[in-house]
Amino acid sequence: MAMNAMPPTPDTGANHADKSRQVEILISVLLRTGVVASLIVISAGMIVTFIHHPDYARSSEQLARLTKPGGAFPRSLGEMTAGLREFQGRAIVVAGLLLLIATPVMRVAVSIFAFVYEKDKVFVIVTSIVLALLLLSFFLGSL
Amino acid sequence: MMEAFNMSPLEFVLLVLGISVVAGAFGALVGLGGGIIVIPALTLLFHIDIRYAAGASIVSVIATSSGAAAAYVRERMTNLRVAMLLEIATTSGALSGAFLAGAIGGRWLFIVFGLILVYSAVAMFRKREDAAPDHVPPSWLADRLRLHGRYFDQAVGREINYRVTHVPLGAALMYVAGVVSGLLGIGSGSLKVPAMDLAMRLPIKVSTATSNFMIGVTAAASAGVYFSRGDIDPFIAAPVAAGVLIGATLGSHLLGRLKGKAIRATFVVVLLFISAQMLWKGIRWR
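Just so you know, the protein sequences line up as chains A and B, in that order.
Sequential numbering of the first sequence, starting at 0, is according to numbering that gives the first Met the number 0.
Sequential numbering of the second sequence, starting at 0, is according to numbering that gives the first Met the number 0.
It should be emphasised that the hints constitute simulated quantities derived from the structure, not laboratory data.
Small disclaimer: the values here were computed from a predicted structure and weren't measured.
We treat Cβ as the ideally placed atom computed from N, Cα and C, and that holds for glycine.
Warning: the hint list may mix true and false statements.
[Claimed, not checked] FRET-style restraints, in silico, Cβ to Cβ: (1) A:Ile39 x B:Leu253: 40 to 46 angstroms; (2) B:Arg283 x A:Asp17: 56 to 62 angstroms; (3) B:Ser95 x A:Leu76: 33 to 39 angstroms; (4) B:Gly17 x A:Ala81: 56 to 62 angstroms.
[Claimed, not checked] Calculated pairs, SDA-like style, for lysine to any residue (alpha carbon to alpha carbon, straight line, at most 20 angstroms): (5) A:Lys120 x B:Ser227; (6) A:Lys118 x B:Leu144; (7) A:Lys120 x B:Arg145; (8) A:Lys120 x B:Trp107; (9) A:Lys67 x B:Leu140; (10) A:Lys67 x B:Arg145; (11) A:Lys67 x B:Ser227; (12) A:Lys118 x B:Leu13; (13) A:Lys118 x A:Leu25; (14) A:Lys120 x A:Ala16.
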C-alpha cells in the first residue's frame with residue numbers, strides 16, 4: 000500500500016520516470032498506428048471485393064460458398080502477393096489482417112529497444128525471449 | 000450444417016460488423032478478448048464452421064488488445080513489466096495449444112470452451128473489490144524485477160500504489176492460459192485476469208488492463224499457425240477485425256465513466272448463457 004517503501008530503482012528517480020513515460024507513449028502510439036493502418040487496409044479490401052462482385056450484395060447463395068470450409072482465399076505470403084498483383088479484394092483483406100497480427104509482434108520488438116534505452120538488462124532479455132518465441136511460432140506454423 | 004438465415008454476403012458482413020463492435024467494446028471493458036462473443040455468434044447465429052470461427056476470433060483478440068491497449072498504456076492502467084514477464088509463459092503455452100488444436104475434434108472444442116466459460120463466469124462473479132488488495136505477502140522476485148506499480152484510479156480519485164506477489168504461480172497459470180488460447184482461439188483473458196487478481200494480487204483494473212495488453216501477443220503467437228492452416232477466412236475475419244477494432248477503441252475510452260460492477264454482473268450472465276449453449280452443442284454432437 001501507500002505506506003510501503005517502493006523498491007529501489009537503478010536509475011535516479013525523475014530521469015527514470017521520464018524514460019518510462021516516454022516508453023509508454025511510444026508503445027501507445029505504435030499500437031494506435033497499427034490499429035488505424037490495418038483498419039484502413041481491411042476496409043479497402045472489403046470495398047474492392049464488393050466492387051468486383053456486385054452480386055454479393057444480392058445473392059444469398061454466394062454466402063454459403065464464401066463461408067463454407069475449403070474456400071479459395073490466400074493462406075500464405077506467396078498466395079497473398081499473387082492476389083495483390085491481381086488486385087483481389089480478399090488478398091488486400093489478408094494483407095490488412097497480417098498487418099493487424101504483426102502489430103503486437105512489432106510492439107514486442109520495439110519494447111526490447113525501449114528496455115535498452117531504460118538500461119534494464121533483465122527486461123531486455125525477458126522481452127527478447129518473448130520475441131524469439133513469437134518468431135518460432137510463426138516459423139513452426141509455416142512448416 | 001444448414002443456413003440460419005437467407006442473407007446476402009453484404010448483409011452478413013454488416014451484421015457481423017455490428018456484433019463485432021459490441022464484442023470489441025465489451026472485451027476492452029472486461030479484459031477479455033472479443034472472441035468470447037465472436038465465436039458463439041459466428042457458430043450459433045451464422046453456423047460458421049468452428050475452425051473459421053476460431054480463426055476469426057484469434058484476429059478479434061488481437062484487435063481487442065491493440066485497440067484498447069493504446070489507451071490503457073497511456074493511462075498507466077497496464078503494468079508493462081508484469082505483462083512482458085508473463086508473456087514468456089503465455090507465448091510458450093499458446094505455441095503448445097495451437098498444435099494440439101489440429102488433433103482435437105470439434106465436439107471437444109465445444110465442451111472445453113463451454114467449461115472454460117463456466118469457470119470464467121464464477122471467477123468474474125467472485126471478484127468484486129475495487130481498490131488495491133491489503134496484506135500482500137512480500138516477494139523477493141517481484142522486488143528484484145521491480146514489478147510493483149501505481150496508477151491513478153478515477154473511481155476513487157487518487158493514486159493507488161500496489162505490490163505484486165506469487166510470481167512463479169502466476170507464470171504457471173499463464174502457461175495454462177496460453178495453452179487454452181492456442182487451442183480455442185480465445186485470448187483466455189478469462190484465465191489471465193483471475194491469475195493476476197487471485198494469485199499475484201494486482202488491483203482488478205490493472206489486472207484487466209494488463210490482460211488486455213497481453214492477449215494480443217498470446218493470440219499473435221497462434222495466429223501464424225491459424226493463417227497457414229487456412230483457418231483465417233478473410234471474408235469472415237474482415238468484418239470481425241474492423242468491428243472489434245472500432246468497438247475496442249470506443250470501449251477503452253468508456254471504461255473510466257462506467258460502473259465496473261454493472262458491467263461485470265451483465266457479463267457473468269451473458270457468459271453463463273453462452274456456456275450452456277456451447278456445452279449443449281458439444282454434448283449432443285452427432
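Worksheet item: Quick check: which numbered hints come out false for this structure?
Response: Failing hints, ascending: 1, 3, 4, 5, 8, 9, 10, 12.
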